[in-house]
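*Asks:* Chain by chain, the residues:
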Amino acid sequence: MLRTNLLAAGIAAALGTAVLLAGQAPPAQQPPQEPRPTQEIALTITGEPGTLPRYAVPDFIAASPEADTLAAARVIGQVLWDDLAFEREFDLIPRDTYQSIPAARSLTDVPFDRWRELGADGLVIGSVRRVGSDLRVEVRLLQVSTRQSALSKEYTGATANPRLFAHTIADDIHQNQVGLRGVARTRLTFSSDRDGERLGGTVEERTVKEIYISDYDGANQRRVTTNRRLNITPTWSPDARSIAYTSYRRGVPDLFISNIYQGTLENPTKGRGQNFLPAWSPDGTRLAFMSDRDGNPEIYVMNRDGSGLRRLTNHPRNDVTPTWSPAGTHVAFTSDRGGSPQIYVVAVDGTGTRRITAESYCDRPSWSPAPYNEIAYASRTGSGFDVKIIDLSTGERRQVTFGEGIINESPVYAPNGRHLAFMSNRTGRQQIWTVDRMGRNLRQITTVGNNTMPDWSR
Amino acid sequence: MRTRWRMALLVALLVAAALGAGACRKKTPPVARPVMPPPAATTTPARPPAPPEPVGESPVVAEPAMAEDTMASRTLDELNRDSPLRPVFFAYDSAEISPEAQQALNANAEVLKKYQSWVVTIEGHCDERGTAEYNLALGERRAVAARAYLVSLGIPAERLKVISYGKEFPFDPGQTEEAYAKNRRGHFVITSK
Chain A
235 MLRTNLLAAG IAAALGTAVL LAGQAPPAQQ PPQEPRPTQE IALTITGEPG TLPRYAVPDF
295 IAASPEADTL AAARVIGQVL WDDLAFEREF DLIPRDTYQS IPAARSLTDV PFDRWRELGA
355 DGLVIGSVRR VGSDLRVEVR LLQVSTRQSA LSKEYTGATA NPRLFAHTIA DDIHQNQVGL
415 RGVARTRLTF SSDRDGERLG GTVEERTVKE IYISDYDGAN QRRVTTNRRL NITPTWSPDA
475 RSIAYTSYRR GVPDLFISNI YQGTLENPTK GRGQNFLPAW SPDGTRLAFM SDRDGNPEIY
535 VMNRDGSGLR RLTNHPRNDV TPTWSPAGTH VAFTSDRGGS PQIYVVAVDG TGTRRITAES
595 YCDRPSWSPA PYNEIAYASR TGSGFDVKII DLSTGERRQV TFGEGIINES PVYAPNGRHL
655 AFMSNRTGRQ QIWTVDRMGR NLRQITTVGN NTMPDWSR
Chain B
422 MRTRWRMALL VALLVAAALG AGACRKKTPP VARPVMPPPA ATTTPARPPA PPEPVGESPV
482 VAEPAMAEDT MASRTLDELN RDSPLRPVFF AYDSAEISPE AQQALNANAE VLKKYQSWVV
542 TIEGHCDERG TAEYNLALGE RRAVAARAYL VSLGIPAERL KVISYGKEFP FDPGQTEEAY
602 AKNRRGHFVI TSK
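Chains A and B are the protein sequences, given in the same order. Quick note on this note's numbering: the first sequence kicks off at 235 and runs consecutively. Quick note on this note's numbering: the second sequence kicks off at 422 and runs consecutively.
Keep in mind that the hints were calculated from the coordinates and are not lab data. A couple of the hints might just be wrong.
[Claimed, not checked] Here are the simulated BS3-like cross-link-like pairs (lysine-lysine), alpha carbons at most 30 Å apart as the crow flies:
{"id": "1", "chain 1": "B", "residue 1": "K582", "chain 2": "B", "residue 2": "K534"}
{"id": "2", "chain 1": "B", "residue 1": "K603", "chain 2": "B", "residue 2": "K535"}
{"id": "3", "chain 1": "B", "residue 1": "K603", "chain 2": "B", "residue 2": "K614"}
{"id": "4", "chain 1": "A", "residue 1": "K504", "chain 2": "B", "residue 2": "K614"}
{"id": "5", "chain 1": "A", "residue 1": "K504", "chain 2": "B", "residue 2": "K582"}
{"id": "6", "chain 1": "B", "residue 1": "K614", "chain 2": "B", "residue 2": "K582"}
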């Protein structure tokens, strides 16, 4: 039985990521490996040949009688089901088919035959108990045919957010069973006008936009900025503890870094020119951004504190929307130097600029994490835009969204490279959606107001 | 178009006259105000047969003097709400100053020469048929192009600030060619006077 404190696990995960990114070798990098619990025998649950293993995830058992424990037991089961379905590595048996199976009262009292009848290869059962002011969650991943345990863990954490237990368990199961870095604990950030606050003193009615964050699945949407101006282009630092964004809080657009757990603010560019579109280097030490400080839109790189400023592009046309390669050696950006906006790549020392798209209009390059070697971007298709992906090794392109006359733009990768978040106005308003990199598994993340320019935490 | 512009001017004058009267702080009972024509912005979809002129005719003569007074006495908000500075419009994905845009900028230059203390911000705006990120650069180019033209007419660059809003603040949220055309603009805001 491995005991994990959620907070400690979170910090360890963050540190692990930082170390990994700092030491990563270009271009191939492995997803971070969490240490395997040594006391367990490796057991991979398989399905029928050629099919995904079928999983059942019933409600967790409430092992103490408090109302919030009961609620947590239900929430964890449902959210865990959703999290496991998200990566499409398992075939999740719908929860409304479990009714005929008597609810387990303990982790040792499992009606395996009934689950087998339902066609389950794997069964996730768990219990939730209140211990002091915390919740303690025990979980087992069982192979139904052999009744063996593939994963057995215990988690202790605050009662406030039971979803986080489910997300942590889902990430552990993905790591344990398929060696995959799941994204259940990652988060999104985006710009939203949902508060409907108007900008004072202007001629027209202008609605302010504030920076918001949410869990990867859209739960726990929370506001980060409160300055009642235009705040756009938010982007997570690699350790997911800071958000850099473009803010008009002082009138002129400038870059700010909000340290969301300390409530502090940094302003590395200090109002020199108009500054937009910050992009963190993979090690979190530098920011690329677009500025007109030398007369026209160019890409610059600076240290996080604003020192060490260097100009990366030098062209009289527009150079805009920088994004880093996963190894931090290159920057992709948009330029209209060839007549129309297209995606270019340049080495971070400013050499070797090359164009990689030749379409009618392309923008918002987003470089995939390894093992994929591709760039997602928004491309004009007819009167709208769609998300496309270009494979950098083969030059092959594929389209991810198909919305004639609809705007699908601002694509960004999930940290495991398997999903994208983007903005679409397909419902009439601008909303954040996620989709996997092959164009399946489309999900709407936001519903209130207009929500644009997402970024996905590492 | 021309009559609408003239109407707008007349409305402005009437408002100005009313404000001017108010500013005197005499206890004059509120004069029975002439019926205001609807503001120019709210265009009636089906155009009424005859362009209504009645309200506007008489005060035309008083124009120059009153304009002078009101410009000086109005607040920035009042000035900007009914701005003497005209917006300039751009073609799709373009920051080029068209002949029409030149006319608007020529007129704006005259206003700026008349009111030497005014500092204005030129806002660059784009329509939603460009991407959100690229439009931040395009809006910048539009504002800078308008400023460069005004500087070429002798307006000091220090009086002309630029700011790009990309497609974040559309003037018309519609998805029609007409709406897009309105949103591709350099918009003038008087920021100090």
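*Asks:* Each of the hints needs a verdict: does it hold here or not?
*Replies:* Do the hints match the structure? See the list:
no., hint, verdict
1, K582(B) - K534(B), "holds, 16 Å"
2, K603(B) - K535(B), "holds, 27 Å"
3, K603(B) - K614(B), "holds, 27 Å"
4, K504(A) - K614(B), "holds, 26 Å"
5, K504(A) - K582(B), "holds, 17 Å"
6, K614(B) - K582(B), "holds, 14 Å"
In this structure, every one of the numbered hints holds.
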